[in-house]
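Engineer: These are the residues of each chain, in order.
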Amino acid sequence: MGAVTIRDLRKSFGALDVLQAVDLEIAEGEFLVLVGPSGCGKSTLLRMIAGLETVSSGEIWIGGADVTEVLPRDRNIAMVFQSYALYPHMTAAENMGFSLRLRRAPKPRIAEEVDKAAGVLNLLDYLKRKPRELSGGQRQRVAMGRAIVRDPKVFLFDEPLSNLDAKLRVQMRTEIRALHRRLGATTIYVTHDQIEAMTMADRIVVMNGGRVVQVGSPLELYDRPSDIFVAGFIGSPSMNFVPARIEGDAAVVENGGPGARFPLGAMASRLPGAVKVTLGIRPEHLSLGSSSLPTLRTRVEVVEPTGAETLLSTRLGGVEVVAVVRDRVAPGIGEEIDLFIEPSKLHFFDSEGRALAPLDRATGGPR
Amino acid sequence: MPSVTDRRSPGEWVQFAVGGLIVAAMFYPTVWMVLSAFKTNREIFRDPFGLPDQWLWGNFAEAWTEGRLGSLYLNSIIVTASAVTISVFFATAAAFAFSRLEFPFRRTLHRLMLIGLLLPPPVVAIPLFSILRDLDLLNTRWALILPGAAWSLSLTVFIMYGYFQQVRTDMEEAAMLEGANTWQIFRDISLPMVWPSMLTMAIVNTINIWNELMFALLFIVEEEKQTLPVGLIRFFGRYSTDYSMVFAALTITTLPILALYFLLQRHVIAGLSATAMD
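Chains Y and G, in that order, are what the protein sequence lines are. The first sequence begins at 1 in the numbering used here and counts up one residue at a time. The second sequence begins at 1 in the numbering used here and counts up one residue at a time.
Hints should not be assumed to be uniformly reliable.
Rough simulated footprint, nothing fancy, chain G against chain Y, three-plus residues with beta-carbon under 8 Å [claimed, not checked]:
(1) 83 to 93
(2) 96 to 102
Non-contacting residues of chain Y with respect to chain G, defined by C-beta distances greater than 10 Å in every case (computed) [what the hints assert, rightly or not]:
(3) G64
(4) G119
(5) K167
(6) A308
(7) T310
(8) V325
None of these hints come from the bench; they were simulated from the model. Small disclaimer: the values here were computed from a predicted structure and weren't measured. From the three backbone atoms N, C-alpha and C, an ideal C-beta is built for every residue, glycine too.
Required output: the full structure, derived from the provided sequences and hints.
Structural biologist: Structure below.
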């Protein structure tokens, strides 16, 4: 019923292409997150699914029906806006029951549906309040309640947590996820926050420059980013990128110290004539302490202890290398240290930023 | 601890003085009119700026009866209320359409509408006269209601359009997704959000239409359909004028507008702050 299919969808404003040939299959009941930097086209795509933006070319199917030219009100979808978009002159209950009032539902039924949704969202005590009398989190819940009462095929969320403080954001994240499990409706959620994407999604769609760069489960994207953009976007702090040159069957980082030699294994044969690669190293995969693993010798610039872990900002030539280590004993600023990394955790990117298959964890050889 | 006034600079005091002078200059004619309404004709000329020797409340009753202000009042109220209602409602609907809907020649029509801001009334007086004559509306209240409403449209559309441009569209989009059609969005979502601005325009248009003289002189001949500004001319005789009567009648005419202004102004401010949600 609620599956969404997007075929070769494009959107242009004059000569500017904001969305280029997007193809997506969203299964019924799936929680899909569209993520990407500002201006990547994720909100435009969501608004096109909602019918709030016209389509330059391509098709949108919802529940097996082509809705590309269908009016927003006939698409049977509900949307939660970043600004909540609550009607300021109506109470929380009136806001939530507005769609039923438009459908001329009898008053007792409206009250029943509103109470049911308010019960789920812990809003029963606030139903008579106007939006301006509610806190940010309560407004957000009313906006969700309005969507629930509508009982749509597809829920759309457009950066719904951006206006909340950090603590509330974490709480609402859990609530939205729990709500999705309870209702089981197809959900498309837009955010620029990759943590939100990672924690909430069944699948993530990473977008950049109006294109879909990669689609996959959160851990797939984390473990096997398809290119340097996804690798840098997913994960916090961001992945470190260190330029290296090929010497025989290994990539060598210049000025990286005597241990900065990373074996390419069978991957070497896939780089005919290549002289340069970029090494991708996640900050959490670097560690202090002695080992026989390959190392990078860097100079410490900033030390930020957060309690559970310590963030080390270091420099290797002209490149910043960030490490997140569990050790409480942090090196001094200006000190040269060796950062260790398991070869299986390394990512390799070619000169155009495309990912080369990562090394196998067990053998150190290519997968 | 020094109070706020102690910390004011000489420059600020000059600003206050200039501001005070401007307010006095603007408001004094009204005070002068009200004071003169309590005087005799002779006293007005003998001591134009002083307080009345005797407060002659009877002047108002006399002006009301002599000028037959009752029927003039009724006509003015009917004409103003109808014209203001028509102009504010239709201008708001037009501003909504111009700012929210896509239709052919939208920009051209919008600009054409705003040309009305530039036209002085005498330019259209004669064409309007012919149109009203052809429609058989001369000497009816419609001859004042329709031109009055039409004349206010340009300014009201202009102001309301600016207001709509400032109102976020996401609430209307939310309503659209919830199943509302354009009319329902306008009625249930947009109108309640822009009402403070509509109230402001209602005040402005009321003042303009209540005081309108030229059309009222040209299009209405029968005395029982005349409005207050025309009726006031009756007090000016060919050879002599009783100015105490003129000022009493003027005070009676002006007071409701002043009262309306002060009454609604409070609502407008309250309404404006209520609309700003974030």
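Engineer: Each hint: holds or not?
Structural biologist: Quick rundown of the hints versus the structure:
1. Against chain G, the region 83 to 93 of chain Y contributes 6 residues with a C-beta closer than 8 Å to a partner C-beta. That satisfies the three-residue criterion, and the hint holds.
2. Counting residues of the region 96 to 102 of chain Y whose beta carbon lies closer than 8 Å to any beta carbon of chain G gives 3, which meets the minimum of three for the stated coverage.
3. Every C-beta of chain G lies more than 10 Å from that of G64 of chain Y, the closest at about 20 Å, which supports listing it as non-interface.
4. Every C-beta of chain G lies more than 10 Å from that of G119 of chain Y, the closest at about 21 Å, which supports listing it as non-interface.
5. No beta-carbon of chain G is positioned within 10 Å of the beta-carbon of K167 of chain Y; the least distance is around 20 Å.
6. Non-interface call for A308 of chain Y relative to chain G: holds, since the shortest CB-CB distance, roughly 35 Å, exceeds 10 Å.
7. Distance check on T310 of chain Y: its Cβ is at least 39 Å (rounded) from any Cβ of chain G, clearing the 10 Å threshold; non-interface status holds.
8. Look at V325 of chain Y: its CB is around 42 Å from the nearest CB on chain G, clear of 10 Å, so calling it non-interface holds up.
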